[in-house]
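Peer 1: Residue numbers (my numbering), protein chains in the order written: chain A, 1 to 253; chain B, 1001 to 1355; chain C, 2001 to 2178.
Simulated from the structure, these hints should not be mistaken for laboratory data.
Given the structure is predicted, the values throughout are model-derived calculations rather than measurements.
Check each hint, because a few of them may be wrong.
Taking lysine-lysine pairs in the DSSO-like style, the calculated list, with each CA pair at most 27 Å apart, reads [what the hints assert, rightly or not]:
no., chain 1, residue 1, chain 2, residue 2
1, A, Lys-9, B, Lys-1186
2, B, Lys-1186, B, Lys-1126
3, C, Lys-2080, B, Lys-1003
4, A, Lys-194, A, Lys-5
5, C, Lys-2065, B, Lys-1352
6, C, Lys-2158, C, Lys-2178
7, B, Lys-1126, B, Lys-1273
8, B, Lys-1336, C, Lys-2017
9, B, Lys-1336, C, Lys-2149
10, C, Lys-2065, B, Lys-1229
Covered stretches of chain B (chain C as the covering partner; in silico rule of three or more C-beta atoms under 8 Å from a C-beta of chain C) [what the hints assert, rightly or not]:
no., segment
11, 1148-1158
12, 1169-1175
Label-pair distances were calculated between CB atoms; the ranges are [as the list claims (entries may be wrong)]:
no., chain 1, residue 1, chain 2, residue 2, range
13, C, Phe-2161, B, Asp-1201, 30 to 36 Å
14, B, Gln-1220, A, Pro-86, 32 to 38 Å
15, B, Lys-1126, C, Glu-2153, 55 to 61 Å
16, C, Met-2166, B, Glu-1353, 17 to 23 Å
17, B, Asn-1225, A, Lys-239, 44 to 50 Å
18, B, Gln-1220, A, Thr-145, 28 to 34 Å
19, B, Tyr-1354, C, Met-2166, 51 to 57 Å
20, B, Glu-1233, C, Glu-2153, 17 to 23 Å
21, A, Arg-188, B, Asp-1193, 37 to 43 Å
22, B, Ser-1040, C, Pro-2076, 32 to 38 Å
23, B, Gln-1220, A, Arg-188, 39 to 45 Å
Quick reminder that beta carbons are idealized off the backbone N, C-alpha and C, glycines included.
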Amino acid sequence: MAKGKTFQKPEALTDNHTHYCPGCTHGVIHRLVAECIDELGIRGRTVGIAPVGCAVLAYNYFNCDFQEAAHGRAPAMATGIKRVRPDLMVFTYQGDGDLASIGMSEIIHAANRGEKFTTIFVNNAVYGMTGGQMAPTTMPGQRTTTSPLGRNTDETGMPVRMAELLSSLVTTGYITRQAVLKPKYINRAKKAIKQAFTYQMEGRCFSLVEVISTCPTNWGMTPLDAIRWAEDTLLPYYKLGDYKTPEQSSGNE
Amino acid sequence: MAKILMKGNEAIGEAAIRAGCLNYFAYPITPQSEVAEYLSKRMPEAGGVFLQGESEVAVGYMIFGAAGCGQRVFTTSSSPGVSLMSEAISYIAGAQCPAVFVNIIRGGPGLGGILPSQGDYFQSVKGGGHGDYRLLVMAPASVQEAVEMMMMAFPLAEKYRNPVMILGDGLIGQMMEPVEFPDHLKSEPTNKDAWASNGMDTRGSDKQNLVKSLYLDPQQLNDHNLLLKSKYEQMKKEEIRFEPYNTDGDYRVLIVSFGTMSRVCRTAIDNLKEEGIEVGMIRPRTLFPFPESAIYDAAVKDSCTSVLSIEMNMGQMVEDVERCIRGQRPVRWYGKCGGEVPTPEEIMDLVKEYV
Amino acid sequence: MQSEVMFAGFGGQGILKSGAILAHVAMEEGYEVVWIPSYGPEMRGGTAYCTVVISDRPIGSPIIKNPRHLVAMNRPSLEKFAPTVRPGGVIVVNSSLVPIRSGRTDVDEILVPATDLANRIGSVKSANIVALASFVARSRIVDFERMKKCIREEFEGKGDFAALNMAAVEEGLKAAQK
């Protein structure tokens, strides 16, 4: 037996195999969240909220309590839990169709009330589970099953930048955009997720970590091409970094 | 405890607190906004949670979240708001969470009006949201009864792990009557550790609790629906509540009526009695489960020749009354809506047509 | 025996409050009572009215088309509701604001310049209490002294307003005795 540290699954993940497609980055993001839960020692008081979308079955992979929301409503459910059990650690895990389209109202109001939970917002610029339809985050000209000629921004507007939009609220919050396209991004994303949970533990503020992700299946690309396309096309529009921190926002008011 | 004069809406809020429910989420809508106004002061005093959500859609899910982690929780709304909450109600029923919804009905459809109505009978009793689910629905006819039903609603919701609806109308919410509050409920939500996502540490377990309504496997979903159905069948056995009025002796006509409408009918029945005309009434206190055999038994009495379903709508409960009477007696509907309420005189005239 | 009293006037005249006080007094006397407001957009500035039903047995229909009594604080209320009052009832007319009479000969109609009397003792805000006191003194629907006690309790701790309303009770009584 080799001595030293071996690669292990976080306790906050189950042994179940995921249903995610090859090259999908949900698995990476699940792992980052689970590692943070383990490292902060909060698994026994964490409740996750699954979205409607590819991560609808996230509760099969996380080894902590879970509730399953309707499409877009996870922030309202998280509000309900956090208000009646402020001692629980609550996170929502939502995609871009769920959060930026049908759930736009719920996320804005939860953020604006400064609800003390954490949202992991996975942005891959497309609806995944329903089969690759256009999302509010789909890029101009990007082909999807409901924009077969490419997104026409004259008719559908420009992609919504959630991190920017939410950081414009006056209420204190931690709003950051990260990516999981390469190890350098992944390390930063994990730091951000841990920071978000830490703010929640301190009862400080609402926190949202947007994670730029890939969807090789619905983009019609190999996993490697998908990463390249995301770096070339998504990152220039969806710029990475902290958009708001509680330290900054307290100076804003 | 002495009687106090209280508006129905405020009494409903107070009754929830006395039922041990210290969590309230709501969105304002006429004619029930006084509940939120009352509880915005009272909940903080009682150490509870008050939150005005951004929409009835969101409020429905705040209720779901809070109920899903095992806390007593309720909301109040009126018809258009309940339509918006119906999505969440379907999820809550599917995920088997206890919660209490109060609908102080106003006129519909659409924006309708703000005056009392019973136009949401179908919505409450037959579904409202999608899928095969039922709500346990109770319909108070006075402020006192609204209080008592609120106090019963939480333990019933917990017994069945199912949403309970209190179906009032604008009058029940807006009128003041003397009320006497029962003692605070001692009971706590029981058995929640077995299912609620209240945090593993809270219940000293290492097993995940999952609150969900998704069953992708057809066999599992069928089984899940059979389980739900068995709860609704149990409600039909154990939770039927009704009040008979003037049914001991002989009567020519039987009235079936609930809520505010039943009070008007009671006045008509008293007045008719003075004129020597006997009319009986069954007042369903639960609309689901429906007092089917009580209505049947009262209708097939030898002296009874016809049945009237009198409602503040265009004829909804009458379909259930017809169903229980199984063609044994002619059943007719009479009603008005939009805030128009049939008067005792109208009902007396109607009865006289049949005797 | 059941009596119904309709209070009607402009929103802001304390219509709902005087009805609620009467309902409270009747409850204390052991009667069954129901107080029903008009509600909705007309609550702000338009016509406001409420009905108080007082009975010695459980109250059936809370919806009253023909009340026994009427307290009309403005002209539209008198015009609208006076014809609905049952014969033998009392109609109190706030003659400060209502230049007409009901035209009914089968009721006990009294003219009370409630707004002027209230103004004279300090504030128009107590006109509703002047009218209520006149109505109770005339109809004897509840005990006058018990009503006084309830009004005192209702406005206790509200400073000058409490004293003002107690003075309004006396003005109302005098007006009813004229």
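Peer 1: For the pair we were handed, B/Lys-1126 and B/Lys-1273, check the Cα-Cα distance against 27 Å.
Peer 2: Roughly 35 Å between the alpha carbons, so the hint for B/Lys-1126 and B/Lys-1273 is violated.
Peer 1: Below or equal to 27 Å on CA atoms is what counts here, so check C/Lys-2158 against C/Lys-2178.
Peer 2: violated, 30 Å
Peer 1: Are the Cα atoms of C/Lys-2080 and B/Lys-1003 separated by 27 Å or less?
Peer 2: violated, 34 Å
Peer 1: Holds or violated: B/Lys-1186 with B/Lys-1126, Cα cutoff 27 Å?
Peer 2: Roughly 32 Å separates the two Cα atoms, so the pair is violated.
Peer 1: Regarding B/Asn-1225 and A/Lys-239, is the given constraint of 44 to 50 Å on their beta-carbon distance met?
Peer 2: holds, 48 Å
Peer 1: Return holds or violated for the Cβ distance of B/Lys-1126 and C/Glu-2153 against the range 55 to 61 Å.
Peer 2: Since B/Lys-1126 and C/Glu-2153 have Cβ atoms about 48 Å apart, the given range 55 to 61 Å is violated.
Peer 1: Tell me if chain C covers the segment 1169-1175 of chain B under the three-residue, 8 Å CB rule, please?
Peer 2: The restraint on the segment 1169-1175 of chain B holds, since 4 of its residues have a Cβ under 8 Å from chain C and three suffice.
Peer 1: Go ahead and decide if the range 30 to 36 Å is satisfied by the Cβ distance of C/Phe-2161 to B/Asp-1201.
Peer 2: violated, 55 Å
Peer 1: For the range 28 to 34 Å, tell me whether the beta carbons of B/Gln-1220 and A/Thr-145 fit it or not.
Peer 2: Holds, since B/Gln-1220 and A/Thr-145 (Cβ atoms, about 29 Å apart) stay within the stated range.
Peer 1: Decide if the proposed pair is consistent with the structure: A/Lys-194 and A/Lys-5, CA atoms, cutoff 27 Å inclusive.
Peer 2: Given pair A/Lys-194, A/Lys-5 holds - Cα atoms ~21 Å apart, limit 27 Å.
Peer 1: Sort out whether C/Lys-2149 lies within 27 Å of B/Lys-1336, counting only the CA atoms.
Peer 2: Roughly 42 Å between the alpha carbons, so the hint for B/Lys-1336 and C/Lys-2149 is violated.
Peer 1: Can the suggested window of 32 to 38 Å be confirmed for the beta-carbon pair B/Gln-1220 and A/Pro-86?
Peer 2: holds, 34 Å
In summary, the structure is inconsistent with hints 1, 2, 3, 6, 7, 8, 9, 10, 11, 13, 15, 16 and 20 from the numbered list given earlier, while agreeing with the others.
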